[in-house]
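Peer 1: Sequence:
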Amino acid sequence: MRTTIILKTASNYLLPVLLVFSIFILLRGHYLPGGGFVGGLIASIAFILHSFANGLNKTKELLIMHPGFLLPVGLAISFLSGFAPVALFDLPFMTGLWSHDAVAILGHVGSALFFDIGVYLVVNGVTLTIIFTISESA
Numbered sequence: 001m002r003t004t005i006i007l008k009t010a011s012n013y014l015l016p017v018l019l020v021f022s023i024f025i026l027l028r029g030h031y032l033p034g035g036g037f038v039g040g041l042i043a044s045i046a047f048i049l050h051s052f053a054n055g056l057n058k059t060k061e062l063l064i065m066h067p068g069f070l071l072p073v074g075l076a077i078s079f080l081s082g083f084a085p086v087a088l089f090d091l092p093f094m095t096g097l098w099s100h101d102a103v104a105i106l107g108h109v110g111s112a113l114f115f116d117i118g119v120y121l122v123v124n125g126v127t128l129t130i131i132f133t134i135s136e137s138a
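Numbering (the UniProt record's numbering), first residue to last: 1 to 138.
Possibly wrong hints are sitting among the right ones.
To be verified - Here are the simulated distance ranges between beta carbons: (1) I64 x I130: 14 to 24 Å; (2) G107 x T133: 34 to 44 Å; (3) L7 x T133: 16 to 26 Å; (4) T133 x F21: 21 to 31 Å; (5) S99 x L56: 33 to 43 Å.
Don't read these hints as lab results, they were simulated from the structure.
Cβ coordinates follow ideal geometry from the N, Cα and C atoms, glycine included.
Please take these sequences and the hints and turn them into a complete structure.
Peer 2: Listed below in structure tokens is the structure:
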């Protein structure tokens, strides 16, 4: 597959921009539209665009680990954020817990943020695993 120099150059600049934007969408997700699902899709799109422009092997070199490892980590984080109210305060599963003090930039951090982080990792892992598997077999 031949790609143009414009696509290669643009994808190298767009990758970090899209990743930062995906984190922004992840962090604003509880109060406004966005969250872990949409943020994970945007992060996946960034890596897929890089893969189309620069090749699958170069994109895999950028990743610290195989995307399939993100699945159990994300599921564990999401499950633990839902189970924390049960274990710590004898509250129902998935009850929202919030910090009393605001954190700079983030505001009041709650268990919903950790749930969204888990969803972000799962969506990113599933999407990249599927796309990379299809690309390798083609």
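Peer 1: Can you name, in rising order, the numbers of the hints this structure does not satisfy?
Peer 2: As far as the earlier hints go, not one is violated by this structure.
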